[in-house]
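Asks: Per numbering that gives the first Met the number 0, numbering of the sequence shown is gapless, rising by one per residue and ending at 581.
Hints were generated in silico from the structure; no laboratory data involved.
All C-beta atoms in this analysis are idealised placements derived from N, C-alpha and C, irrespective of residue type, glycine included.
Any given hint could turn out to be false.
Here are the simulated distance ranges between beta carbons [said to hold, decoys possible]: (1) 472 with 2: 38 to 44 Å; (2) 53 with 301: 21 to 27 Å; (3) 412 with 543: 35 to 41 Å; (4) 527 with 568: 39 to 45 Å; (5) 364 with 275: 45 to 51 Å; (6) 301 with 516: 29 to 35 Å; (7) 289 with 558: 42 to 48 Å.
Straight-line alpha carbon distances no greater than 25 Å define the calculated DMTMM-like cross-link-like pairs of lysine to aspartate or glutamate that follow [unchecked claim]: (8) 559 with 449; (9) 40 with 279; (10) 550 with 566; (11) 360 with 232; (12) 265 with 183; (13) 140 with 85; (14) 578 with 267; (15) 581 with 501; (16) 281 with 119; (17) 56 with 112; (18) 530 with 501; (19) 58 with 18; (20) 544 with 556; (21) 102 with 183; (22) 382 with 407; (23) 453 with 352; (24) 140 with 87; (25) 65 with 33; (26) 378 with 416; (27) 295 with 85; (28) 27 with 70; (29) 354 with 381; (30) 396 with 501; (31) 196 with 70; (32) 550 with 536; (33) 354 with 183; (34) 354 with 147; (35) 173 with 21; (36) 56 with 119; (37) 166 with 183; (38) 265 with 573; (39) 102 with 116; (40) 368 with 527.
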Amino acid sequence: MGHFNNFKTTVYCVAQILERMDLETLKKQYNFIEKYVGLDKVYLEPYREGHWVDKDKMKSFIEFFKERNVEVAGGFTTVVPDLDKEDEKRQRLFGTFCYTNSKMREYIQKVSEYCAEQFDEVILDDFYFTNCTCEDCLKAKGDKSWVEFRKELMKDVSENLVVGPAKKVNPNVKMIIKFPNWRESYHATGYRPDVEKNIFDMVYTGTETRASAYQDQHLPTYLSYSLVRWMDDASGGRNHGTWFDTYQCWPVDDYLEQGYLSAFSKPEEITLFQWTDLFENKLVTPLGLQFKRIDKMLDRTGKPVGIPAYIPYASQGENHVEDFLGMQGFALYPTPLFPDSGSVLVTESSLCDEKIFEKLKDYLIKGGKVFVTPGFMAKAPEKEWKDLSSAYLTGRKLSVTRYYKTDDPAGYLENVEPVLFADIQHSNNMSWSLLNGGAGEYHTSLFLKDGYGKGQMYLVNIPENPSDLSRVPVWAFDAIKPVFNYGGVYVSAPNVSVFHYDNDMVILYAHVTGQAHPVHATIHVQSENAKITQYFDGWYPFKEKELELQKREFGYDLQKNTELVADVILNPGEFYEFKIQK
C-alpha cells in the first residue's frame, strides 16, 4: 500500500550521485524524504553524461529500497561527452546525441541495453531529442526540412537503438519516454508523441514551471495541469506520471504549485527530481502534508474535464495562451483531438491542422460553440475567415482603460490600469460585441459573437502580452464567462484556476502572485435549482457545508438570464473543493 490513494510519489536519482553514494548516506537521505514526502518508488539511473554506475553497486541500492518496500525502476539520460576528437565539430546543445554518427548510435544502444539488463522498467529523461546541425546531419537531411528529417531519425533511433535492443536483452522491460514541458517545440527537435506513443510502453510528462516570470522556458503555472491533460489524450491514455524539480522556484509556492497542479491532473505517479536536491531542502518539507490534503480531495473526484483547447500534434503559435486563460478561471482541457460537440477553443496552433476550417464549419452547423483567439484570426486564410465572421484586425493596438458591457446600459468601468489589445473591428449588427474596451472616444471589441448554422463563434481578444489577462478586471471577465465556461459553472475572482471533474466536483486554487492576499470569489451556477456543498479536511470542526445561494437575474446577449451565486473567500496558495449539483 502506498502513501496516497490516488498517486504514487517517486524520486529520480541521477548517475553522478549514485556513483559516489554510500549506503549510510543513502539511509540518512531516505529517512528525510520518507518523513517529509513519503516514498513509494524510486528511479535509479545507471547512465548519464558518460557516467556509468557499477552493476554490483546498483544491486546494493536496489536491495536497500526493496527492503523498505519501495518500488525500484531504472532510467537514463541521453547526453554524452565527445567520444573522439571528431565530435568537437558537432553542434550538440546540452550534449545531446548526434544520431547520424555511427559511434554515438552504437553508444546509445549500449546504454539502453545496460539499463534493461538491470531493470524491468526504464524511463528516459527528457534530453531524448536531437538538435545537431553538424555536416553529417546536414548531409543526411538533404532536401528535407529539419522537422521531417528529425521525425524520421528519432523514430529509427527509438525502434532500432533504444526500445528494440532493450526488449531483446530483457523481454519484460517496459520502456517509458518522458516528454519535456516545452510541447510547442517537440517537432522541432524530433519529439513526436503521436509516433512514439506506439513505440514506447508508456509516456511521462514534464510539469516543471518554476518561477514563471524568471525562468527561461516561458511557461505559465497552469501548464503543470494542462500539459498532462494534453499528453493523456496525445498518448492514447498511456501517460504514466508527472515530473518536476526544485530549480528556479522563488518563493516556495512556485515549487509547491507544480505539485498541486500536477496532482489535480490525476496522474498515476508524481516524480520529484532529483534525490539530493530534495534532501534538507525547505521547498520539500511541506509537500507531504499538502499531498495528504489533496489526496483526500481527489478521493471524491472523478476524471478531469474541461473545455477542449485544440492543440494539434506538431503545432505552435500563440504558445500557452490557453494556460494564461486557465490562470484566470477558464477551465480548459488542451487536447490534440478535435471534439465532436460542445465547446472548443482554437488558437493559432490550431491552424496547423490543414482541415481546421472544414472541422469548424461542420462543428458550428451542428450547434457547437467555438472560441477563437486573435492569433487564429490573424493567420487564417482570408476567404475562409470571412465566411465565418465580419471581424478584422486593423493592425493598430489600443491601450484599453475603459470597459463596457453591451448588455448593461450603465455597464462602464472607467480609468482602470491600461492593457494593450489588438484593435478588432466588425460589421455592426452582423457580428455582435458583448464586451468592448476603449480609451478616449475610441473602443474595440473584446468579446465578439457570430452565428453560423446552429452554432455560435466567439472571438476572444487576448492582450498583446497574454500575462496581462491578470490585469483585466474581474468585472469585465463577467461579460465573457457566462458563455465561455464549462458545464454552466464559472468563478469570478482574480488569479484563480477552476478544475472540473466528471462527477460534478470542482477544485478552486488561488495562485500565489506578487500581490498575494485573500480574495472574494463568486461561484456562478447557471441553474435555477442548484446546490453547492463545500468539503473540508484537517482542523475544521465540520467536514462539509452547504453554501447559501442567492438568485441573480441579469441581461446577457439580449436575453434574460438567471443563475445562482455563492460568495466564498479564497486564500492564496490554498485549494478548495466543492460538489455542484444542478
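Asks: Could you grab the alpha-carbon distance between residue 550 and residue 536 and see if it respects the 25 Å cut-off?
Replies: Violated - the C-alpha atoms of residue 536 and residue 550 are around 29 Å apart, more than 25 Å.
Asks: Is the straight-line distance between the alpha-carbon of residue 58 and that of residue 18 25 Å or less?
Replies: Holds, at about 13 Å.
Asks: Would you say the C-beta atoms of residue 53 and residue 301 sit inside 21 to 27 Å of each other?
Replies: violated, 47 Å
Asks: Would you mind confirming whether the straight-line C-alpha gap from residue 382 to residue 407 stays at or under 25 Å?
Replies: violated, 34 Å
Asks: Using the C-beta atoms of residue 472 and residue 2, is the stated range 38 to 44 Å upheld?
Replies: holds, 43 Å
Asks: What's the verdict on residue 265 and residue 573, does the C-alpha distance respect the 25 Å limit or exceed it?
Replies: holds, 18 Å
Asks: Quickly compare the C-alpha distance for residue 578 and residue 267 to 25 Å and report which way the hint goes.
Replies: OK: residue 578 and residue 267 at ~23 Å, within 25 Å.
Asks: Could you grab the alpha-carbon distance between residue 65 and residue 33 and see if it respects the 25 Å cut-off?
Replies: The given pair, whose Cα atoms are some 14 Å apart, holds under the 25 Å limit.
Asks: Are residue 581 and residue 501 close enough, with their CA atoms no more than 25 Å apart?
Replies: holds, 13 Å
Asks: With a cut-off of 25 Å on the C-alpha distance, tell me whether residue 530 and residue 501 pass.
Replies: holds, 16 Å
Asks: Does residue 527 lie within 25 Å of residue 368 when you go C-alpha to C-alpha?
Replies: Since the Cα atoms of residue 368 and residue 527 sit roughly 23 Å apart, the hinted pair holds (cutoff 25 Å).
Asks: Can the restraint linking residue 140 and residue 87 be considered satisfied, given a maximum Cα separation of 25 Å?
Replies: With Cα atoms ~20 Å apart, residue 140 and residue 87 stay inside 25 Å; holds.
In this structure, the hints that do not hold are numbers 2, 4, 5, 16, 20, 21, 22, 26, 27, 30, 32, 35 and 37, in rising order.
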